[in-house]
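Trainee: Sequence:
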Amino acid sequence: MVKNQVDVGVSWRTLDSFEVEINGRMVERYLSHSCMHCAEPQCASVCPTKAYTKREDGLVIQDHDKCVGCGYCIYACPYQAPKMNPYTKKVEKCTGCYDLIDAGEQPMCVRGCPVQVLKIEDIDKLDAEGAVKEAIGFQAFATNPSMRFVKMKQ
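Each residue of the sequence shown is one higher than the one before, counting from 1 in UniProt numbering.
Treat the hints as calculated values from the structure; they're not laboratory data.
A hint or two may mislead.
[To be verified] Simulated restraints on C-beta separations:
no., residue 1, residue 2, range
1, A128, P78, 22 to 32 Å
2, P114, E40, 38 to 48 Å
3, T14, E40, 15 to 25 Å
4, V27, Q139, 12 to 22 Å
5, A103, V27, 32 to 42 Å
6, E28, D65, 19 to 29 Å
7, R111, L31, 14 to 24 Å
8, M152, V8, 19 to 29 Å
C-beta atoms are modelled at their ideal positions from N, C-alpha and C, and glycine is treated no differently.
Construct the entire structure; sequences and hints are all you get.
Mentor: This is the structure:
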């Protein structure tokens, strides 16, 4: 299934790399992320056309037709989730595959994750089970991102 076919040069995911020390040696680690669907989305608060809405389930959705390409949301987002499309001159971001979520299915990033570490779960359940908001390579800002980290099982 092909979904969210974005233009060449546009990616809705960001890959950060960093080094950590494990057993006395430096090891490179990676963190792939997209829109954090924040509880307090700064992209929505700065958008002059009100192109962003937050759904009851927490997804932050952008109405592409309302976007005028000012880029305020790009600069406001601490996670660099909104991206300027150089062809349309409008901003785009992860949709959370809300249509799949509405149909009871998993989003494409979860389906396509080669190491199966991405999941969409109830955030309150994750918090109750000990998931954390920050990890090496990721800082939770005041936007209150909906991303959680679960310790790997040994």
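Trainee: Now tell me, hint by hint, if it's right for this structure.
Mentor: Evaluated hints:
Distance hint check for A128 and P78: the Cβ-Cβ separation is about 26 Å, which falls inside the suggested range of 22 to 32 Å. Separation of P114 from E40 is about 32 Å and departs from the stated range, judged on CB atoms against 38 to 48 Å. Range check, T14 to E40: about 20 Å between beta-carbon atoms, so the 15 to 25 Å window is met. For the hinted restraint 12 to 22 Å between V27 and Q139, the CB-CB distance of approximately 20 Å keeps it satisfied.
Taking the beta carbon of each, A103 and V27 are about 39 Å apart, inside 32 to 42 Å as hinted. Checked against the hint of 19 to 29 Å, the pair E28 and D65 fails, with Cβ atoms roughly 41 Å apart. Distance hint for R111 and L31: a CB-CB separation of about 19 Å, consistent with the stated range 14 to 24 Å. Taken as a hint, the range 19 to 29 Å is violated for the pair M152 and V8, whose Cβ atoms sit roughly 35 Å apart.
The structure does not agree with the numbered hints 2, 6, 8 stated previously, though it agrees with the rest.
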